[in-house]
Amino acid sequence: MNAAAATDDISPRIRAYLGERMPDARDLKVENLTQIAVGWSHETFLFDARWSAGGEQREQGFCLRRDPGNALLRELSDLGEQFRVLKCLENTALPTPRAFWYEDDPALLDRPFLVMEKVPGICPNPWGREGRSFYAEAAARGILPASFTDTLATLHTLDWREAGLDFLGVPAAGADFARREIAKWRAFISATDAPPHPILSDLVGWLEANAPPARHLCLVHGAYRTGNLLIDEDRVSAVLDWELQVIGDPMYDVAYVLSDLNREGTELLSNVVDRETFFRRYEDATGFTIDEAVCRYYHLLYAMRSAAFWWSASDLYATGRSNDLRLARTAWSVPVVLERAARELGY
Amino acid sequence: MMEKADLLERIAATLRHEISPVVGEPYARTQAFMASVVLGKLAAELRLGANQGHDANRELDELFLDLESHAAVDPLPDTLLAALSEATRERSDAGLAHLVEALYGARSALGEDRFAKLLGRIRQTLRARLARELTYAA
Chain A
1 MNAAAATDDI SPRIRAYLGE RMPDARDLKV ENLTQIAVGW SHETFLFDAR WSAGGEQREQ
61 GFCLRRDPGN ALLRELSDLG EQFRVLKCLE NTALPTPRAF WYEDDPALLD RPFLVMEKVP
121 GICPNPWGRE GRSFYAEAAA RGILPASFTD TLATLHTLDW REAGLDFLGV PAAGADFARR
181 EIAKWRAFIS ATDAPPHPIL SDLVGWLEAN APPARHLCLV HGAYRTGNLL IDEDRVSAVL
241 DWELQVIGDP MYDVAYVLSD LNREGTELLS NVVDRETFFR RYEDATGFTI DEAVCRYYHL
301 LYAMRSAAFW WSASDLYATG RSNDLRLART AWSVPVVLER AARELGY
Chain B
348 MMEKADLLER IAATLRHEIS PVVGEPYART QAFMASVVLG KLAAELRLGA NQGHDANREL
408 DELFLDLESH AAVDPLPDTL LAALSEATRE RSDAGLAHLV EALYGARSAL GEDRFAKLLG
468 RIRQTLRARL ARELTYAA
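Sequence lines, in order, name chains A and B.
Residue numbering for the first sequence follows the working numbering, beginning at 1 and increasing consecutively.
Residue numbering for the second sequence follows the working numbering, beginning at 348 and increasing consecutively.
By construction, these hints were calculated from the structure, which means they are not laboratory data.
The beta-carbon is built from N, C-alpha and C at its ideal position, and this holds for glycine as well.
It is possible that part of the hints are untrue.
As the list claims (entries may be wrong) - Which residues of chain A face chain B? A few of them, derived with a C-beta cut under 8 Å, are:
id, residue
1, Pro196
2, His197
3, Asp202
4, Gly205
5, Leu325
6, Arg326
7, Ala328
8, Trp332
9, Pro335
10, Val336
11, Glu339
12, Ala342
Next comes chain A alone, as it looks inside the complex (with noise of 0.2 Å):
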């Protein structure tokens, strides 16, 4: 089904369920409904509503992500736990969407749902020539560089125990954190028809022998990049993309922006903050030094996690779960990513 097709068959269902939702609201309204992305990960419908209670006319912009039933990732972290770790942020610094309702009754929209605040900004895509051109110009302008920045000290700084995250599974002193993420993205491609690869089978040999210790545990983003992160007026207005957090080392998360994967034309770490600004203005807001030795381990967990990524997607296509067929080019970018790792392991 298409993006508008989909829009018109599920607008009035919006509409009921939060008449359902919203008992006093009278006159209710759903308005300017989008789909903002088809296919990988979860359907994204942004919308607003307007309604009359007490005499007062009411408008609340909305953003509605729904299971698509076949979504890369949904193994790892389904919307009921989107759902949580956004409602334990609430209260925190960290800027991210309030989420109103999760559903997970198939009678009100046919799967799982989450219902959230439509947060104001724009996430351009990194890789097209419009968002490269976007950061380019915010990063001269020097506000979103140090509120990249500053947005993942928060993230890396707030109090998780305090916001109720630790039902996300807290790692044991030493090196636990690393091998949980082995142990995961192992399981995960195993999950996978992906037959037993001999380079895959180093780097997990490699990074199980290499397991660093992390010095310090966090709320880990595990993809904070441009792409991940609402903008409005060169700041972030909101974290979003939460599918991969873990309580973890804040190296994790560095070291994705560290990554060349993350930037494309540019040497700005993803797309938008020199490294030395980088660098000085993070380890000034947290107090935790950089180690660039632990980054380039996690670079290669990195490699893993990404072949694992593509191994699944091509697989969903392969099995018929999914008749995307940006899902059956990603089988021939296992070799990409493999041949980086070989690169960084020394073959």
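Chain B: place on chain A using the hints.
Okay, now just chain B, sitting in the frame of chain A:
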């Protein structure tokens, strides 16, 4: 009769240049374009398999010969020897992966120098294979 790889490339070109541009609906247009990408990669892989399959076989022969020669001079731990026999017999990714896992498992028994030497030899073969794969995957 047209070679299969040539045929796939021709279909890919038709999809990319003649069909995809005139598909109005964005999702369907992207799908047509991705179909051309996938067919192009399958064509390149097919062509490579025909031309370089014997290189891969020769590299595997040399790898197993080297490892067996090494084992003849200085016996390998039983688990590693069994994995080498399996890999030599099967000549599959699964066999090679199991061999690498067995090598890591025998690391302390082998000692660091011998472990590094054996792993380096296996990596040499895997490196050559990656170089071939990247000619169509990248």
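How the hints compare with the structure:
no., hint, verdict
1, Pro196, "holds (4 Å)"
2, His197, "holds (6 Å)"
3, Asp202, "holds (5 Å)"
4, Gly205, "holds (4 Å)"
5, Leu325, "holds (4 Å)"
6, Arg326, "holds (5 Å)"
7, Ala328, "holds (5 Å)"
8, Trp332, "holds (4 Å)"
9, Pro335, "holds (4 Å)"
10, Val336, "holds (6 Å)"
11, Glu339, "holds (5 Å)"
12, Ala342, "holds (6 Å)"
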